[in-house]
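A.B. asks: If you want the building blocks of each chain, they are given just below.
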Amino acid sequence: MNQVTNAIGRDLPVSIEGYGQVRPFVGAFATAPDMLRQAPKVKRILPGEQKLVNDIETVFKKIPVTDGMTLSFHHHLRNGDGVVNMVLAVAAKLGVKNLTVALSSVFPVHAPIVEHVKNGVVTGLDTNYMSGSVAQAVSQGVFPRPVVLRTHGGRARAIECGQLKIDVAFIAAPAADDYGNLNGVEGPAACGSLGYAIPDAQYADHVVAVTDHLVPYPLSPISIPQTRVDYVVKVDCIGDPKGIVSGTTKITRDPVGLKIAETTAKVIKAAGMIKDEFSFQTGAGGASLAAAYYVRQMMEEAGVTGSFALGGITGYMVEMLEAGLFRKLIDVQGFDLDAVRSLAGNSNHLEVGADYYASPFNLGAAVNKLDVVVLGATEIDTGFNVNVVTGSDGVVMGGSGGHSDAAAGAKMTIVVANLLRGRLPIIKDKVLTATTPGETVDVLVTERGIAVNPLRADLYEKFKAAGLPVKSVEELKELAEKIAGEPENISSGEKIVAVVEYRDGTVIDVVRQAK
Amino acid sequence: MDLRRTMLFMPGNNPGMLQNGGVFGADAIILDLEDAVAPKEKDAARLLVAQSLKTVDYGTSEKIVRINPLDTFARKDIEDIVPCKPDALLVPKVESPEDIQEVARLVAAAEKSGQAPVKLIALLETPCGIAEAYRIAKADKRVVALAFGAEDYTASLGAKRTKEGTEIFSARTIVVNSAAAAGIQSIDTPFTDVNDREGLIADTQLAKQLGFKGKLSINPRQIDEIHNVFNPTEQDINWAGRVIKAIRKAEAEGSGVASLDGKMVDAPIVARAERILFLARLLGLAEEVVL
Chain A
1 MNQVTNAIGR DLPVSIEGYG QVRPFVGAFA TAPDMLRQAP KVKRILPGEQ KLVNDIETVF
61 KKIPVTDGMT LSFHHHLRNG DGVVNMVLAV AAKLGVKNLT VALSSVFPVH APIVEHVKNG
121 VVTGLDTNYM SGSVAQAVSQ GVFPRPVVLR THGGRARAIE CGQLKIDVAF IAAPAADDYG
181 NLNGVEGPAA CGSLGYAIPD AQYADHVVAV TDHLVPYPLS PISIPQTRVD YVVKVDCIGD
241 PKGIVSGTTK ITRDPVGLKI AETTAKVIKA AGMIKDEFSF QTGAGGASLA AAYYVRQMME
301 EAGVTGSFAL GGITGYMVEM LEAGLFRKLI DVQGFDLDAV RSLAGNSNHL EVGADYYASP
361 FNLGAAVNKL DVVVLGATEI DTGFNVNVVT GSDGVVMGGS GGHSDAAAGA KMTIVVANLL
421 RGRLPIIKDK VLTATTPGET VDVLVTERGI AVNPLRADLY EKFKAAGLPV KSVEELKELA
481 EKIAGEPENI SSGEKIVAVV EYRDGTVIDV VRQAK
Chain B
1 MDLRRTMLFM PGNNPGMLQN GGVFGADAII LDLEDAVAPK EKDAARLLVA QSLKTVDYGT
61 SEKIVRINPL DTFARKDIED IVPCKPDALL VPKVESPEDI QEVARLVAAA EKSGQAPVKL
121 IALLETPCGI AEAYRIAKAD KRVVALAFGA EDYTASLGAK RTKEGTEIFS ARTIVVNSAA
181 AAGIQSIDTP FTDVNDREGL IADTQLAKQL GFKGKLSINP RQIDEIHNVF NPTEQDINWA
241 GRVIKAIRKA EAEGSGVASL DGKMVDAPIV ARAERILFLA RLLGLAEEVV L
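Chains as they are written, first to last, in my numbering: chain A, 1 to 515; chain B, 1 to 291.
Next up, chain A with everything else stripped away, as it sits in the complex:
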């Protein structure tokens, strides 16, 4: 097989069956756009014509949805989503085959996809993150074509640039009017921002809103406008609110997690970044929230007002906005009902699309304006490359989401991880699956010390001066191996089950079938 080695030393085939030609990753900012924007068909609606349709089956027939199409979905309803399963059940019923599902993130609730793959209804998956039985099925090689794993910004880019061409976007809409104005802040399945659906709505050939909360025309606020929506379908229920709220509003109680979070805040302070106009992004887990908690303490002590917090928004970030610690929140995805309430009522809480948030091929993604992002890792290597795709057993258990995007954009990217997870050292010579390239990662914070990317000698000096426990990444690796031993490498099969695209569309790695 013809091989090519990409810029972080990954051997890749020049062409992958079911995916096509491989453009190897050449560097975080080395690939420039060389295409025109995708242009969806121009359409019109005449006065008096209706968009409201009684059921999804009717929509399938009107469009019509045919074999081989790409159907897109957003993941704002997370593990409470009912729309993906509803739509695919109709496809199965009508005997449609060979569909590609472009779902921004896949959750355990989406398990029925596996059955649709086995029946040939679905043959392709294009996503940014996956968990649950679909992820396991991907690893087992159940999908006939390799799954494409993108970043949140990369998905927006692929849609804008025509590489992810969407035939029909089915948009779960917590609130809609009968002419196709949509938002996520009202209704029983309110989820907040509809950011990940915005590129789909702009570029798909057909846009179908699926709602269980139809309000009189005109709906406001408008997240997705009537000008891009073909049909509105009213169903009984689009999702289970219990599964929609995710993340956590409580900081972790794990003392090691807290220690890492506290050190992270000290790192940010030592870098001189706790000052007015500070901008910040962190995740929604208990440990990430703990980092926000300590950063907040430092901001309060220093009397600092930050400019904005970005990304997935939790109630904790809303609290910081309301307490005057940030001037704005830029929200591509809300994690809880406080985020929904704030987005609905606070004009300083801004809803943006995935393109605005993180696409590398436009004239301004919000990640570019970030001072600091705090990110997790399942593995990191001595070249600071991060794996957030596969677990210690080689099975797919996640995906970049916004990881690579925020890492590329922020002035300082901090990866936090327990040096030992269970009994496994987190630092490897080479991560199993590279997701985020080391050149975009500046600092690794563990409970037993921090390591600075050699590219950032400036930070190294500052941290040393501040008395932080700076070690080389190799020293940290040795420390972990002294305690837990050196784990054997995972051996995987030959078959490529997923192609990991960097945000610019080049291939940073592939995932092979788990043994």
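Hints were generated in silico from the structure; no laboratory data involved.
Note that CB positions come from ideal geometry on N, CA and C, so glycine has one too.
Misleading hints may appear alongside valid ones.
To be verified - Which chain B residues stay away from chain A? Per the calculated CB distances, all over 12 Å, these: (1) 73; (2) 140; (3) 166; (4) 210; (5) 236; (6) 248; (7) 254.
To be verified - If you want a taste of the chain B side facing chain A, the calculated C-beta under 10 Å gives, among others: (8) 16; (9) 17; (10) 20; (11) 25; (12) 47; (13) 51; (14) 55; (15) 56; (16) 59; (17) 219.
What the hints assert, rightly or not - With a Cα cut of at most 25 Å, we get these calculated PhoX-like pairs of lysine-lysine: (18) A:482 / B:85; (19) B:54 / A:482; (20) B:63 / A:482.
Given chain A, put chain B in place with the hints provided.
C.D. replies: What follows is chain B alone, placed relative to chain A:
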């Protein structure tokens, strides 16, 4: 002089915590075989703690094991733990000098030849223990500190435990005074509400004010706050530097009496200044104090 600003309890039956005990920066960690471990798990915990002492790197933290009381599992604990070279044992519910002497005998019997002597810290947590504090402090040369456990103590008294701690005021001062009289350290009771940061700071400030040299801790989150209180402030360090300068100057001039800011500098003041400077150097708060 050993630094024991913080002594952090780690449950002896929790491998994850035992493995990570060294990462929190506590001056001492206490691998606990007593209250944290249910009676039927004592043997498993003993094994785990013994292995931890032999294999885990606790960095600069002093390694202390809280054994069970003499009337339960202390003998077996000492027999198995002492050869694994802990720096010290924390002996719970000590009520008399004889308790300490008995433990010291058992420890001596369990020590391997050539092993550094295992120190003892007496945990006073009953009215009898408080009443005998000075004699306990003097009971054996292995005893390096008295620690105070207020929860059991107030339960014995039948007094309500409050955050202000009025009910333990006498006991605290007795512990501090007894330890000082015996020339050893005194360690204060833990502050048990881990979510009350302000309360922890106030309680630690009180302990420092009373003369305690450190505080037991039940949660890693408390370490930094306690250190901050016990660490000498910049003001302290400057004052101490001026005291030493004044006394040196007086000595150079052949005068036996020094004064600073109109006050006489006598031996206790010099001793306090020296301790502050010692701590400051040890903690890297003052590289080399200019004298």
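A.B. asks: Of the numbered hints stated previously, which ones are contradicted by the structure, given in increasing order?
C.D. replies: Structure breaks hints 12, 13.
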